[in-house]
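S.K.: Go ahead and model the full structure; you've got the sequences and the hints to work with.
Line by line, the protein sequences are chains A and B. The numbering of the first sequence is this note's numbering, which starts it at 1 and goes up by one. The numbering of the second sequence is this note's numbering, which starts it at 1 and goes up by one.
These aren't lab readings, by the way, just hints derived from the structure by calculation. Incorrect hints may appear among the rest.
The calculated lysine-lysine pairs, modelled on DSS-like cross-linking and capped at a C-alpha distance of 30 Å, are [unchecked claim]:
1. B:K54 <-> A:K115
2. A:K54 <-> B:K54
3. A:K115 <-> A:K204
These figures come from a predicted structure and were not determined experimentally.
Number of protein chains: 2
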Amino acid sequence: MARPTPLSGFPEWRPDGRIVEQHILDTLRRTFELHGFAGIETRAVEPLDQLLRKGETSKEVYVLRRLQEGADDGGADARGDQLGLHFDLTVPFARYVLENAGHLAFPFRRYQIQKVWRGERPQDGRFREFVQADIDVVGAGELPYHYEVELPLVMAEALGELQAIGVPPVRILVNNRKVAEGFYRGLGLSDVDAVLRSIDKLDKVGPDVVVQLLEAEAGATRTQAMACLELAAVSGPDTSVIQRVRDLASAYQVTSELLEVGLVELEALITAAAVRAPGVVVADLKIARGLDYYTGSVYETVLVGHEQLGSICSGGRYDTLASDGTTTYPGVGLSIGVSRLVSRLLNADLVRASRSVPTAVVVAVTTEEGRAESDAIAAALRARGIPAEVAPAAAKFGKQIKFADRRGVPFVWFPATTESTRADGTVVPAQPDQVKDIRSGDQVAADRASWMPPAADLWPTVSAVNP
Amino acid sequence: MARPTPLSGFPEWRPDGRIVEQHILDTLRRTFELHGFAGIETRAVEPLDQLLRKGETSKEVYVLRRLQEGADDGGADARGDQLGLHFDLTVPFARYVLENAGHLAFPFRRYQIQKVWRGERPQDGRFREFVQADIDVVGAGELPYHYEVELPLVMAEALGELQAIGVPPVRILVNNRKVAEGFYRGLGLSDVDAVLRSIDKLDKVGPDVVVQLLEAEAGATRTQAMACLELAAVSGPDTSVIQRVRDLASAYQVTSELLEVGLVELEALITAAAVRAPGVVVADLKIARGLDYYTGSVYETVLVGHEQLGSICSGGRYDTLASDGTTTYPGVGLSIGVSRLVSRLLNADLVRASRSVPTAVVVAVTTEEGRAESDAIAAALRARGIPAEVAPAAAKFGKQIKFADRRGVPFVWFPATTESTRADGTVVPAQPDQVKDIRSGDQVAADRASWMPPAADLWPTVSAVNP
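M.R.: Here it is, written out as structure tokens:
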């Protein structure tokens with residue numbers, strides 16, 4: 001087999017990069033669990049018709065086929081049900097809720113950290129296989145607004161925890177579909193989807209093109225289009241944005257109950273966020289989230305200084321996350337693009353692991369006959385929670401130290417030796433167990449039953465490259 | 001959407017089942033890391049031609065196709081390279097080693113915990129999508145035998161740790177391909193694969209059919225077939241099995257250098273295992289591992305009392321795990337079938353989680369206006385590592401307690417109240433923060449800055465149903 005090359009769009013990390021990713025996943029999981037979210041994992045596949053329900057995403061789906069399908073099997077797949085890989089964690093979660101509704105307690109809070117697949121053309125930060133970390137709360141029949149305040153704040157906390165390892169701070173941009181829809185309808189624009197679709201392109205194509213789009217696709221007059229652009233230009237970290245929207249509505253003689261409901265909600269979110277996550281949450285009235293079926297709050301998140309990377313954490317409120325015909329399940333949630341974040345951290349060399357293996361101590365082997373003794377030392381260290389492995393061969397100690405050094409392992413342990421006599425008659429005295437810090441070169445006698453490495457060396461640490 | 005039904009072969013767990021699975025994954029990971037194995041994760045897909053290299057597994061592969069392939073894209077996939085989902089973690093690991101060889105330090109120890117997919121007909125304990133947890137050590141050019149002793153002992157330790165939560169003990173059955181091959185060749189049977197394939201069916205079809213198979217497919221005489229069966233019948237926990245094989249070889253006038261090398265290796269493994277994992281490792285000369293390309297030790301593992309479930313942890317030594325034409329990479333490893341294990345634990349109700357959510361404390365809400373105070377209490381608890389969530393609504397306290405009870409959450413926290421006066425003039429005195437253990441009903445004043453739940457209640461625990 002010739003040396004294989006990476007597949008574009010299917011990122012993989014080397015062992016030290018995986019330590020960074022794993023640290024991030026562990027941090028997210030801990031924050032989610034501290035907030036009472038239950039972890040679930042769904043299968044990677046869903047029936048194709050369920051994946052295609054929204055239509056727009058059809059080109060992204062990977063369809064599965066068993067290689068010998070049909071040839072060897074007239075039974076299991078005879079219905080011809082096609083399966084595809086899930087392209088997000090929301091569709092499978094909605095299905096899981098319906099399937100298990102009788103066994104879940106609502107409102108149900110869950111987190112879910114899994115890979116998803118999309119057959120899009122790969123770009124920087126856009127992959128065909130990537131990890132998402134989602135939190136959602138779903139209610140049966142109803143879901144109070146306060147969850148729309150809580151969930152972005154949980155993400156603010158989770159992403160904020162990552163600053164300790166050198167992840168840049170985040171800015172969570174929030175908007176409310178009711179504000180946008182109320183304003184557009186109040187202006188006289190009835191094709192709200194078309195307006196949202198046009199506004200969603202603002203960052204990409206600029207205001208002039210958006211005005212043309214609004215006229216061509218949403219049937220807007222120049223005045224209506226300008227009003228939409230003015231709304232999209234409103235942003236700010238405090239509740240003064242609410243007054244600015246009200247002023248704008250007055251100026252364009254827009255009156256709308258929906259707009260007013262949306263503004264009250266948005267104000268509540270900004271007010272709570274100013275207390276619980278100061279400086280993180282910013283109202284930004286241009287956030288549209290394209291065609292996703294959000295009905296209230298919408299969220300996007302940028303990494304400060306890396307805004308061009310796009311959103312690393314997005315979501316919003318659905319009035320109908322799922323429905324079985326009898327009960328409707330509204331939900332609100334956000335999804336972190338973990339692979340997008342990790343690829344930036346690693347490729348821009350922002351964050352690094354202190355070593356490439358868990359091992360804190362390599363136990364040297366004096367002779368192959370004495371390997372059992374080295375095994376026993378390693379076992380004694382592990383029993384006290386110290387990651388340890390035994391050297392691969394009874395090579396010269398210099399080579400065994402190099403084995404540790406290449407992996408960034410900080411300590412090498414030398415087993416005790418008994419008194420021996422060289423061929424020339426020199427007596428080599430007995431030595432106790434010794435441990436060497438190979439960074440400083442310090443070597444000291446050590447007791448396998450009590451020695452501990454410094455806490456910072458026990459496990460690999462992850463930190464900013466230039467803190 | 002009508003209520004969906006599960007897909008056969010694609011297991012999913014409810015939140016309390018996922019806590020059991022997650023606990024097992026955490027335990028395995030910790031053991032692997034204590035032994036210095038670096039975690040990696042590979043993409044879910046491999047080029048189809050790589051997946052089909054061994055031929056025998058072709059019917060199991062799921063092939064991927066982008067739904068709009070060809071229609072919208074003349075570029076990225078123009079080569080027509082087909083991708084399939086990996087059916088194990090060994091093929092991707094071998095590819096990862098070749099792809100990253102210049103950046104890895106050998107011998108390279110890695111663990112990998114991921115889903116794999118096989119389009120086989122689903123059965124009890126046999127799934128189309130399932131989680132494997134693998135450890136392997138791979139060398140560049142050479143890999144000393146002692147790793148064939150070490151790796152099953154790491155698995156013995158990892159699986160042994162699970163007994164604390166009620167997982168039955170395991171028995172690791174070991175054999176050595178050199179023993180089998182040396183014996184068969186010494187007998188005059190040259191089609192070793194055909195013999196192994198026949199012997200591999202022993203448990204399924206019984207000795208009489210195996211004798212017929214050996215005659216029909218391996219060209220064995222009745223005497224040769226009986227000798228193979230006699231070898232397969234040898235098993236035992238100590239090195240007496242080595243002598244029994246030697247006696248058998250003598251009786252059939254088999255002399256083979258390969259057999260002798262294999263017996264020395266097998267003896268070393270049994271001897272070390274008797275010291276380091278007493279009672280767990282058993283030599284069993286019928287273990288063949290079918291057509292996998294093992295060249296030395298082979299391993300299978302049964303759950304004691306659940307032998308009919310099949311092996312839950314298998315593997316062996318490959319002299320050529322991977323090769324780039326210049327360097328050959330030998331390896332040895334084992335793979336735990338996590339989903340097979342977890343499905344048995346849950347379906348047979350052997351192991352249970354103490355609750356279905358991480359939450360230790362539900363903070364009650366007195367009035368919706370006072371929700372911010374409940375949020376602040378929950379934040380104070382979380383800041384000290386206590387998983388806490390706030391009740392969904394300012395309902396009657398009885399209803400809020402029921403919310404906690406339905407999830408198995410042990411504590412409900414009632415925010416302090418100030419003195420108030422009822423309509424009838426009764427003065428209700430101020431109350432401090434209080435916490436109720438809803439199992440005992442005990443309710444006491446508590447300080448949000450210092451109260452801790454008992455350690456056993458802090459996080460969900462996992463334990464045997466009938467310990």
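S.K.: Now tell me, hint by hint, if it's right for this structure.
M.R.: Status of the hints after comparison with the structure:
1. B:K54 <-> A:K115: holds (27 Å)
2. A:K54 <-> B:K54: violated (40 Å)
3. A:K115 <-> A:K204: holds (27 Å)
Hint 2 from the earlier list is the only one contradicted by this structure; the remaining hints agree with it.
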